[in-house]
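These protein sequence lines are chains Z and H, in that order. 3 is the number of the first residue of the first sequence in our numbering; add one for each residue after it. -4 is the number of the first residue of the second sequence in our numbering; add one for each residue after it.
Derived by calculation from the structure, the hints in this document are not laboratory data. Do not rely on the hints blindly, as some may be mistaken.
Not everything, but these chain H residues come out facing chain Z in the computed CB check (under 8 Å) [claimed, not checked]:
| no. | residue |
| --- | --- |
| 1 | Met291 |
| 2 | Pro294 |
| 3 | Ile297 |
Once the Cα atoms are required to be at most 25 Å apart in a straight line, the calculated SDA-like pairs of lysine to any residue come out as [as the list claims (entries may be wrong)]:
| no. | chain 1 | residue 1 | chain 2 | residue 2 |
| --- | --- | --- | --- | --- |
| 4 | Z | Lys248 | H | Lys140 |
| 5 | H | Lys100 | Z | Ile334 |
| 6 | H | Lys100 | Z | Tyr144 |
| 7 | Z | Lys218 | Z | Glu240 |
| 8 | H | Lys100 | Z | Arg347 |
| 9 | Z | Lys248 | H | Ala161 |
| 10 | Z | Lys248 | H | Ser284 |
| 11 | H | Lys100 | Z | Glu234 |
| 12 | Z | Lys248 | H | Met291 |
| 13 | Z | Lys248 | H | Thr295 |
| 14 | H | Lys100 | Z | Lys248 |
| 15 | H | Lys140 | H | Ala161 |
| 16 | H | Lys140 | H | Gln2 |
| 17 | H | Lys100 | Z | Leu343 |
| 18 | H | Lys100 | Z | Ala331 |
| 19 | Z | Lys190 | Z | Ser180 |
| 20 | Z | Lys248 | H | Val287 |
| 21 | H | Lys100 | Z | Asp235 |
| 22 | Z | Lys248 | H | Arg293 |
| 23 | H | Lys100 | Z | Lys190 |
| 24 | Z | Lys248 | H | Pro294 |
| 25 | H | Lys100 | Z | Ala330 |
To give an idea of the interface, some chain H residues facing chain Z are shown, with a C-beta separation under 10 Å as derived from the structure [claimed, not checked]:
| no. | residue |
| --- | --- |
| 26 | Leu34 |
| 27 | Ala108 |
| 28 | Ile110 |
| 29 | Ser116 |
| 30 | Phe118 |
| 31 | Ile159 |
| 32 | Ala161 |
| 33 | Ile163 |
It should be emphasised that the depicted structure is a prediction, and the values quoted were computed from it without experimental measurement. Positions of the beta carbon are idealized from the N, C-alpha and C atoms, including for glycine.
Here is how the chains run, residue by residue.
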Amino acid sequence: MSTLTGLRRRFPDFMGITGSWWDRTPWFGRWTVYLLLIIGAFLLPSETIGSFMTPESDWASVLFYPIGIYVLLAIGLNVVVGQAGLLDLGYVAFFAIGAYALAVFATKRGWSFWEIVPLGIIIAAAAGAILGAPTLRLRGDYLAIVTLGFGEIIRITANNLNYTGGPRGISPIPHPPSQPDVEVGGIKILRYGVLDARPYYYLLLVAIILVIIIVKRLERSRVGRSWSAIREDEDAAELMGVPTFKFKIVSFVMGASIGGLAGVIFAAQTTSITPVNFPFILSALILCAVVLGGSGNLLGVILGAFLIAWLPERFRGFEEYRVMVFGAALVIMMIVRPEGLLPSRQRRAELAEGTGGMGSLGGEVGAVAGQRIEVDEELVSGHPPEVLAGRDEREAGA
Amino acid sequence: MWNDFTQQFWSSTIDGLTNGAIYGLVAMGYTLVYGVLRLINFAHSEVFMIGTFAALGALTLFGIDSPQSGLALVGVLLLMTLVAMAASGGTAVLLERVAYRPLRKRGASRLAALISAIGASFFLQEVFAIWQGRDQLSIPRVMNKDVWFNIGSGQVRNDKVLVIVAAILMMLALDRFVNTTRLGRGIRATAQDPDTAVLMGVNIDRVVLSTFLIGGILAGLAAALYGVFFELTQYNVGFLLGIKAFTAAVLGGIGNIRGALIGGLVLGLIENYGASIFGTQWLDVVAFSVLVLVLMFRPTGILGENLQRARV
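Turn these sequences into a full structure, and let the hints steer you where they fit.
Spelled out as structure tokens, the structure:
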């Protein structure tokens, strides 16, 4: 036990240090960093970076799928798992619904991409609400199994229905309408063709940035505060007058819409989708990304998704062992560093207390373990009171 | 549709009971662990999967590849069962030590334990996928499948009877064990109120470990029967079966040992009847829909939660 705790202590707390520095940074400093990040993201698909990142395959394509799509999915799942603390094991269902929405409406109805984007989001959101309404009243771990079942139902249904093409899926799915004349920095960023993946990457990038803005705003709103209250202690939240059921549905719907958006964009690039594109393992990998990266913290989640998508592309021999390594990593992370690589500070404090959504495991079995409340010295000392106070004021103003 | 249903009624019933008996055996493992720890042992499906591989391994090791009869058959069945039980029980104990105990000692959140279980499940699956390949492996036939008699369209076959009888006997044995032995009393005490159980001198660690061990042994038996009946295995054979067994546990009332078997049999019947109405490709969808519906309308299951007194 003491060795484990010691091991946990030995990991340096980067977020504590950078986090408090970030809190002291004035607004123009922050905006400069945001701007630099966006410019960096725009320059990312260049050949020079690609030759190092994925020497064996087209970097721009890899950047679109799996990396970009995984990042968007992880941001969406983070709303459900990281912010509201609901374990969703069937997240890929919403991704599939978005993709099939585009495929069906584009090939059978002839709708254009831009008309289907909002439609796909709405259908996925509706699916989230329909799934959420009966299941979100359940205890947390039941929810995990029901969502898993739902993910399988969607995949098997797509596989069985003739309307969705059965096991052969749907193809060809038309690309988004192009504007071949628009050029930025020598790249025709709006020419959605077959060969160049960069326009799709930029489309996805814009989607990711928009989603991040929305998610961040939500996190600091009443909705976001309700989510963290639900995550920390649902009963207490209910007693304090938080309509927990309503906000759990909202988190499910938000997560579902983001998954649907990812699906629409994914289908627009790949031109052909089959049920095989949406296996349970994809839900599991995205969950790994969220948990390994640091659930609740956007930066961590993005890092987690990037690693999970990129490592197998970079190290080709690794593909075979990917799930095994990530599975072992999940177990080890939960023992050594349950808060993830780049943890959210609030989440970390909760985990140290042994609560976090569904109640504590040890608290119910083993009175000895249950009585101990671990105080994380680094966490307490890492944040001077004035920093925390300043943060609260800013949040109140926002 | 309805014609198919009435025509296939008896064969669906017999197949449903056979599948359901296997679900029930695996479901008992979920139910025991859930009753004591309030944790869905997500990796229990892999405990089962390893049992099927162990049964196959035992047959390969002894070079048994043809149907046996008489005493030799009994010996082969016992060999398969014991090896599968040992492998599954060992895996379950190992899981508890590696993936759950550190979390339990720290008082980690149940979400963390579930994620750890999912990680362990992937790890075990992939170890076998890489070691044994991703293709389906066939298990040699060890018993001739004789049809004893027919009920309507249904054939009463010796292997199906074996599966059902074994499951019922095992359920009775487990029920007796939990209700009469000292360790069983410890399990019930822990399930009802862990804090008080500790004060009364129950060794929680031992109770939890034996719960996992018993669950593993039952999964091992299920695996051996699965091998005899379906005669195949694969690295992900536990995934679907695990979800269905969990459904069975919920259906019967999680924490309830008799309920686990009843839930398994009922689920087996429902999914086979559903398959005869809508077509076999919808079998799994029917099973998952049952799960969702049960959780919506009667989350305590058919017999109600029992091992634990419905702790909230």
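Return the numbers of the hints above that this structure violates; sort them in rising order. Hints 3, 4, 9, 14, 23, 31, 32 and 33 not satisfied by this model.
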